[in-house]
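Input sequences plus hints: build the corresponding full structure.
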Amino acid sequence: MSEKPPEMRSWRARLLTRLMHSYFALARGMTMGVRAACFDAEGRVFLVRHSYVPGWHMPGGGLERGETALQALVKELREEGNLELTDAPELFHVYFNRLTSKRDHVVFYRCRNIRQVSPRTPDFEIVETGFFALDALPPETTAATHRRLAELSGDTPPADFW
112 MSEKPPEMRS WRARLLTRLM HSYFALARGM TMGVRAACFD AEGRVFLVRH
162 SYVPGWHMPG GGLERGETAL QALVKELREE GNLELTDAPE LFHVYFNRLT
212 SKRDHVVFYR CRNIRQVSPR TPDFEIVETG FFALDALPPE TTAATHRRLA
262 ELSGDTPPAD FW
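Mapping of the sequence shown onto the numbering used here: residues 112 to 273, in sequence order.
Don't take each hint at face value.
[To be verified] Simulated restraints on C-beta separations:
id, residue 1, residue 2, range
1, A152, A270, 24 to 30 Å
2, N193, R129, 38 to 44 Å
3, D266, R214, 28 to 34 Å
4, G241, E178, 25 to 31 Å
[Stated by the list, open to error] Below are the SDA-like pairs computed for lysine to any residue, each with C-alpha atoms no more than 20 Å apart in a straight line:
id, residue 1, residue 2
5, K186, E236
6, K213, M141
7, K186, L196
8, K186, M143
9, K186, Q227
10, K186, L202
11, K186, L174
12, K186, V238
13, K186, V228
14, K186, H216
15, K213, G241
16, K213, G172
17, K213, L174
18, K186, P230
19, K186, G241
Calculated from the structure, these hints are not laboratory results. Quick reminder that beta carbons are idealized off the backbone N, C-alpha and C, glycines included.
Here you go:
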């Protein structure tokens, strides 16, 4: 059993710390999501088209309480594309997603040699998916997706904003 650090031995210190953390959760609350550029063995990128937002996007979603970014990534890839990691994902960058809210951040990964275990059947959330050559992306591919792919290729430096 580990002993509490000196600053946390007092009930007053523990109470004050808990109150401060509660305040910061409200005052400084932040949301976080993950997205990934998923490339198959042929170098094609996997994109999804959602029912509730226009355009083609890289797969991803929000982190749930108690979930790590890597756990969220694995879950979202499975849910949105029946995708399975064959290599460790590479953390590429963390972006501030100010268009979504004043407190949203996106953890962005590059995933190589991704494997689709079975075709993704369309449903109420994901209406279409596919692997696309980088020079043959669907016309409705979002500007953010184009920006991220340009950053990954080294054509432009990573931005701070999604």
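Practice problem: Determine which of the earlier numbered hints do not hold for this structure and return their numbers in increasing order. | Solution: Violated: hint 15 alone.
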